[in-house]
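*Asks:* Chains as they are written, first to last, in the numbering used here: chain A, 2 to 240; chain B, 2 to 240; chain C, 2 to 240; chain D, 2 to 240.
Keep in mind that the hints were calculated from the coordinates and are not lab data.
Just so we're clear, the structure is a prediction, and the values are computed from it rather than from any experiment.
Careful: at least some of the hints might be erroneous.
Copies of the same chain look alike in the list, so a pair counts if it works inside one copy or between any two.
Unchecked claim - Think about it this way: if two alpha-carbon atoms lie no more than 20 Å apart in a straight line, the pair counts; the simulated DMTMM-like pairs of lysine to aspartate or glutamate are:
no.	residue 1	residue 2
1	Lys217	Glu121
2	Lys109	Glu91
3	Lys87	Asp132
4	Lys109	Glu52
5	Lys87	Asp158
6	Lys109	Asp158
7	Lys87	Asp39
Number of protein chains: 4
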Amino acid sequence: MINVTIWNEFIQEQRKPEVAKVYPDGIHGAIAAGIRQDDFAIRTATFHEPEHGLTEEVLAATDVLIYWGHVDHAGFQDQVIERICKRVHEGMGLIVLHSGHHSKMFRKLMGTSCDLLWREADEKERLWVIDPSHPIVEGIGPYIDLPEEEMYGEHFDIPVPDELIFVSWFAGGEVFRSGCTYRRGQGKIFYFRPGHESYPTYHNKEIHRVIANAVKWTAPVQRQRTFYGHHEALEPIGK
Amino acid sequence: MINVTIWNEFIQEQRKPEVAKVYPDGIHGAIAAGIRQDDFAIRTATFHEPEHGLTEEVLAATDVLIYWGHVDHAGFQDQVIERICKRVHEGMGLIVLHSGHHSKMFRKLMGTSCDLLWREADEKERLWVIDPSHPIVEGIGPYIDLPEEEMYGEHFDIPVPDELIFVSWFAGGEVFRSGCTYRRGQGKIFYFRPGHESYPTYHNKEIHRVIANAVKWTAPVQRQRTFYGHHEALEPIGK
Amino acid sequence: MINVTIWNEFIQEQRKPEVAKVYPDGIHGAIAAGIRQDDFAIRTATFHEPEHGLTEEVLAATDVLIYWGHVDHAGFQDQVIERICKRVHEGMGLIVLHSGHHSKMFRKLMGTSCDLLWREADEKERLWVIDPSHPIVEGIGPYIDLPEEEMYGEHFDIPVPDELIFVSWFAGGEVFRSGCTYRRGQGKIFYFRPGHESYPTYHNKEIHRVIANAVKWTAPVQRQRTFYGHHEALEPIGK
Amino acid sequence: MINVTIWNEFIQEQRKPEVAKVYPDGIHGAIAAGIRQDDFAIRTATFHEPEHGLTEEVLAATDVLIYWGHVDHAGFQDQVIERICKRVHEGMGLIVLHSGHHSKMFRKLMGTSCDLLWREADEKERLWVIDPSHPIVEGIGPYIDLPEEEMYGEHFDIPVPDELIFVSWFAGGEVFRSGCTYRRGQGKIFYFRPGHESYPTYHNKEIHRVIANAVKWTAPVQRQRTFYGHHEALEPIGK
């Protein structure tokens, strides 16, 4: 059983009727419905809950955190960011979606600006599979077509990904590293680009499949905690 | 269920009493006994069987091939090498152990000489975990101690590993990249250094655990076969 | 001074008037003219010369080999392939252009099929810079536009590149890892996609700049030759 | 000409006679003397200067910053850390030495704790070259021996290095990724492990050579500044 917490900012769904129309149950609701399966225990949390719904207790009970945020990165409490990063370092999996790239949390874990090119023009995105041997693309064809999406373009100011899983083509002429993995401490991270709030991306079955695969891939490995600090010699030091 | 074929050269066990004493059932037998579990269907094959026991049928029915060879790399049939490489490209997992680094098959998949430094001096090896987030080290502590092993030292002439999982320390003063992953075509490869025929390395429970973990990690991902070749445009090409 | 040998198959320029029109001095002539500078000593070689013009003497005197081939990969002598690979392993730089991806030499160095999607449709290619910190993109803007090129698309069946420098966008809807580096033995390799024989790509100043930068980047590092083989212990082995 | 700024904390040399004896001109003085060459314009800066000697003007005029710090990471001004990281993102090279691994600046650029195992036991370190094709090891043999050093051991909690150049062997039984490169924004970073203040490591000619090579390798590439932000479509977006 993998304990999954889906965090969604859940601000635009409440403010903008056109977003609410696409996501009546919130982006978190659409993702939860889409990835549901027997070996996932799913809960959700949102920005306006106390401590953004990500208390010590919730995070301690979370194996994999899925994160979608956009319009109030600035208002996200620093203390909760520290808490999330600490849990990633301890082994919690983290899936950062779309505009989460610019969250303080993701930038802190990456060590870069995470800036990019962008455009909202209802344009076609095609995500090509770059690593066909990776469990994150199990069940996925050579590419995923999304008829309308926001464009994100290179240069994407991220560290070199540990693994590059998807590259996107955009109708307007750009490309983007759309699926990237990273390791930070004992934890595994997957960044997955698509999912602007005004498009039904999180109702797409292939997108569900990628996210569900990523939950399994980022889930923590069972090992004793890594020790850091002063270490006695394991061998005699001849002098 | 993962279909595992353990291939062992099985020459030295038959020729040298001191090796037979360590591995009365062959290295393949020791590994098979050590990694046995409900979700593995294990068979074995050896050098002197027709086609080295790796016929089209056997390989077609193999999800993960474990490979140990040493003294007759030169005598391994080229046609069977082609067959193995083709299956790796199609997605079969491959675990290459110890002196398999110098097999024609591994060198062909790597594109390098796979040369290294070596010494047989009954010396201590300690394999340090470099990537604590990787499923291959699930259940493994900070390092694995082997009281006596053959030394392999850097520079190890391999391509840069996709993932570096273990680095070995040797009493005589060398280090070695002991656990390395690679992707070739649709297939995943794990090279794992320890296992000289004269030491009881393949009776060690932690070594069993690493190999069993690697079986799961290298197992093929279920996807439609990747298409290569001429491709019609997916979008109108304006001129 | 870097000794550069530009190898061009030079078959299509002699057979097809439309290719000769684009490259009256051959592709090798266009590249030689384009990358000329004081610290490069450039020679050229072609398929129909004895030993394809790549004798022991020529390769021994070559720091960086630039390689363009297409229609007669099958006819390239195995012995010369061995010679090139040996020199790469010893440290010679290698720049493989466009259809050289399918040469026996490149496939041998990669360990994969190097298959891909392709289409000849006079379509636009845009190469986006993915690694702005890399010396290979010195002097290059955010992207290079090529008005007409052959399409190569993902999945490109190569090992994971050590460094990903360019990703191409194609008008027909595909993407491609267009600039990739690899290390093999002591040698550095750069694969650079553009350059179909019927388009004036090798007259483009930005393409010249990338190739010239790559010559500098792949040039050998001056070190004593790496030793491989039996190694005496550097430290006393306590037992 | 590469403008190099060597930053040294320069606290222990002033407090501890045994350190002053090893580094009478400070660690910065030893490094400056060791890497001196015609194409480097070297200046130094230390902790107790205003703004730690790393003013806007100094950093704007710095191509490569070499950084050694140890006992007062906590006292390093956050504003100067921001300034350094901004310059790295813009392209300034950064070489972080030894205990600089635990500086707030390095941890911020890495996104991890940068914790490790450590021991001060006057023990032998041997740095093995892992990437013989890399310019950072030009002129260096198969390994560098340091008769006495502080031990740093794995697991080193860093992101997966972009390139792994050295791995250290320690007499007491540990290994360590001692030479690692990273890219952050437009800038290149080299972490180099050896150099505890009580040992004469920075008087060693091979260590000088590695640092000088790294200065050249991390020096910025000349390109126009990368643009990030809203981007007009380069192609018509058919709907």
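*Asks:* Would you mind marking each hint as holding or not holding in the structure?
*Replies:* Here's how the hints hold up against the structure:
1. In this assembly of identical chains, the alpha carbons of Lys217 and Glu121 never lie at most 20 Å apart, being 32 Å within a copy and 40 Å across copies at closest.
2. Taking the shortest alpha-carbon separations for Lys109 and Glu91, both the intra-copy value of 16 Å and the inter-copy value of 18 Å come in at or below 20 Å.
3. Taking the shortest alpha-carbon separations for Lys87 and Asp132, only the inter-copy value of 18 Å comes in at or below 20 Å, while the best intra-copy value is 29 Å.
4. Taking the shortest alpha-carbon separations for Lys109 and Glu52, only the intra-copy value of 19 Å comes in at or below 20 Å, while the best inter-copy value is 24 Å.
5. Taking the shortest alpha-carbon separations for Lys87 and Asp158, only the inter-copy value of 13 Å comes in at or below 20 Å, while the best intra-copy value is 23 Å.
6. For the homomeric pair Lys109 and Asp158, the shortest alpha-carbon distances inside one copy (13 Å) and between copies (15 Å) are both at most 20 Å.
7. In the homo-oligomer, the alpha carbons of Lys87 and Asp39 never lie at most 20 Å apart, since the shortest distance is 28 Å inside one protomer and 36 Å across protomers.
Checked against the numbered hints listed earlier, the structure breaks hints 1 and 7; every other hint is satisfied.
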